[in-house]
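Colleague: Below are the chains, spelled out letter by letter.
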Amino acid sequence: MSLTDTGANASVSVDKGAFRSGPAGLSLFGRRLWARLSAVLLGLSFPAALLALWWVGAARGWLPPQILPSPALVWQTFTELWADGSLAEHTAVSIRRVAVGFAAGAGLGLIFGALCGLFPGFRAYAYPPVQAIARVNVLAWMPLLALFVGIDEPLKYVVIAWSASIPVIIGTVRGIAETPERLNELGEVFGFRPQDRLRLIVLPSALPSIFTGLREGLANAWQTLVLAELFASFEGLGYLMTWGRQLFQLDLVLISMVVVSLLGLSLDTVLKWLERRAQPWNAGGRNG
Amino acid sequence: MTIPALRLNRLSKSFTVDGAPVEVLSDIDLTVAPGEFITIVGASGCGKSTLLRLILGLDRDFEGTLEIDGQPVKGPGLDRSIVFQEHRLLPWLTAERNVAAALLRSGLSRADKDRTVREHLDLVGLGDFAQAYPAQLSGGMSQRVAIARALVNRPRFLLLDEPLGALDALTRLRLQDELKRIVAHEKATAILVTHDVDEAVYLGHRIVVLHPRPGRIAEVVEVPAAARADRSSPEFVTLRDHVLAQLGVQTPARGKVAA
Ligand SMILES: Nc1ncnc2c1ncn2[C@@H]1O[C@H](COP(=O)(O)OP(=O)(O)O)[C@@H](O)[C@H]1O
Ligand SMILES: [Mg+2]
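Protein chains in written order, with this note's numbering: chain X, 683 to 970; chain W, 5 to 263.
In isolation and in its complexed conformation, chain X is listed as follows (with noise of 0.2 Å):
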């Protein structure tokens, strides 16, 4: 056997998708493309097939425009709320909130979860109440949390970083305790220390589950902003929605709908190829 042949093997088994739906005959790069190709139409249907739905509903009045603008109406609105730079004010006040406080959810959700995973002591002290605490939505709790902190700025981040950081926290707990016992023994066999565990064992096989806590905790901190500025802002995308609703302009809130929405995705995305990025070994490493 010869490294050109795993690796081959390895691109092979990476691409089984594109092989089994590909036209016969192409390339491997061009199995690649028409993959991508083709998970990108597949996804991209259903919505097309929903603004089709909107845009003869609309040109047949089936629903009365206050309900339902038509999408020209959307459009229309879009590119005045563009042009007068509203719409990318309030797109970056919600991105600065999430940012803040994702980053300080994050970061704190791990130190947090890490201490618990790490520290079996700790963990049955600090950990419970947590639990308890995360069954809660934090928005019920925002009402104690505005005489701490007032209503403003810090309140929302507040409210993001601490339900971003639920699932991350939990993410990290399961995934340091569901280190695989069998790799432990190897670090004993080995005569690692607690650091040379950490570092060569505990991290790298707890990274898939801390990802998933990541990404879930961006979610979480993209809803509670949205949630967090209905409530209480006057800018934001979920001040434009909430102020589009009572103006009765839906062009309003589909428009920022839209944009949270793709600002969710695209950042989901980044969290995912970081994921690969930091996990090399695996879908067929360097050489796939």
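In short, the hints are calculated from the structure, not lab data. Think of the CB as a built atom: it goes at the ideal place given N, C-alpha and C, for glycine as much as any other residue. Hints should not be assumed to be uniformly reliable.
What the hints assert, rightly or not - Using C-beta positions, here's what the derived DEER-type ranges look like:
hint, chain 1, residue 1, chain 2, residue 2, range
1, W, Ala-115, X, Pro-962, 22 to 28 Å
2, X, Gln-877, W, Gly-68, 47 to 53 Å
3, W, Asp-65, X, Ala-806, 22 to 28 Å
4, X, Arg-881, W, Thr-242, 50 to 56 Å
5, W, Thr-242, X, Pro-890, 53 to 59 Å
6, W, Phe-19, X, Leu-710, 31 to 37 Å
7, W, Arg-235, X, Leu-710, 43 to 49 Å
To be verified - Computed cross-link-like contacts, SDA-like style, restricted to lysine to any residue with a CA-CA straight-line distance of at most 20 Å:
hint, chain 1, residue 1, chain 2, residue 2
8, W, Lys-78, X, Pro-747
9, W, Lys-78, X, Arg-864
10, W, Lys-78, W, Ser-18
11, W, Lys-78, X, Leu-912
12, W, Lys-78, X, Arg-875
13, W, Lys-184, W, Asp-126
14, W, Lys-117, X, Gly-873
15, W, Lys-78, X, Asn-866
16, W, Lys-78, X, Leu-837
17, W, Lys-117, X, Arg-875
18, W, Lys-117, X, Phe-874
Following the hints, position chain W with the ligands against chain X.
Modeller: What follows is chain W with the ligands alone, placed relative to chain X:
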């Protein structure tokens, strides 16, 4: 009589299954001299892997005596290394770094580590795969990396749990010769578990035959030098047939038997 390198006396081991103790190893007596190559054969489930885990010090819950150089075994140590039955490579390290992991606490200089890792990968025929991750290697190749990893810190005790089982026949024969040569050359003490009676005869100075439920020693057979030296010698064939008979395999009076 030299001081035994390893002494097992009335060693017994039970697991608790569904609340009740199940005896897996019963009254194992075995004394191993320094430099000796012991092979262990026995049906699957008769406690061979469990025995190696005890010697390694991973499992301290047993009855009886287990001593190395006259000292009770209290835990794993760098004097003993193992090839587990499954290769147990770290999926996130390249072949080279998997082997190097065994040297992390060895105190060698960086350059010495790099050199000896290279040598051992070459030894198992995987010099070209130093940068490959375990997911990119076949089962047999992974097992060879695990062998390199067990050899790399030149342990006094080499514990081998069916290390060559996943390999193709030619590689297996070659690595049998290598193992024999290395153990002799390093003056290591080796304990190798195998399903392959030919392998047990070819490698072992003595063969320990285990009977199952609970695992116990049926017989310890000395391997004559002539049998160990030549797979087609009459001594080899006779001994193999004897061990097979001990394991309950009928062999025709003459001729080939699949091991
Ligand atoms: N951790 C464990 N808990 C309970 N039973 C076990 C455990 N490990 C091994 N056993 C049992 O002990 C017996 C011997 O196992 P093992 O040493 O792996 O056998 P072998 O290596 O000879 O095939 C088997 O019946 C197995 O089911
Ligand atoms: Mg076994």
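Colleague: Are W:Lys-78 and X:Leu-837 close enough, with their CA atoms no more than 20 Å apart?
Modeller: violated, 55 Å
Colleague: Are W:Lys-78 and X:Arg-864 close enough, with their CA atoms no more than 20 Å apart?
Modeller: holds, 19 Å
Colleague: Note whether the CB distance of W:Asp-65 and X:Ala-806 lies within 22 to 28 Å or breaks it.
Modeller: holds, 24 Å
Colleague: Is it true that the CA of W:Lys-117 sits at most 20 Å from the CA of X:Phe-874?
Modeller: holds, 16 Å
Colleague: Between W:Lys-184 and W:Asp-126, is the straight-line Cα distance small enough, at 20 Å or below?
Modeller: Within the cut-off at roughly 17 Å; holds.
Colleague: Assess, step by step, whether the Cα of W:Lys-78 is no farther than 20 Å from the Cα of X:Asn-866, and give holds or violated.
Modeller: Given that 20 Å is the threshold and the Cα spacing comes to 17 Å, the pair holds.
Colleague: Please verify whether W:Lys-78 and W:Ser-18 have alpha carbons no more than 20 Å apart.
Modeller: holds, 18 Å
Colleague: Do W:Ala-115 and X:Pro-962 keep their Cβ atoms within the hinted range of 22 to 28 Å?
Modeller: holds, 26 Å
Colleague: Holds or violated: 53 to 59 Å for the Cβ distance of W:Thr-242 and X:Pro-890?
Modeller: The hint (53 to 59 Å, Cβ to Cβ) holds, given that W:Thr-242 and X:Pro-890 are roughly 55 Å apart.
Colleague: Taking 50 to 56 Å as the stated bounds, is the beta-carbon spacing between X:Arg-881 and W:Thr-242 within them?
Modeller: holds, 53 Å
Colleague: Does the Cβ distance between W:Arg-235 and X:Leu-710 fall inside 43 to 49 Å?
Modeller: holds, 45 Å
Colleague: So if I understand the rule, the pair passes when the alpha-carbon distance is 20 Å or less; does W:Lys-78 with X:Pro-747 pass?
Modeller: Cα-Cα ~80 Å, so violated.
Going down the numbered hints, you'll see the structure goes against 2, 6, 8, 11 and 16, while the others check out.
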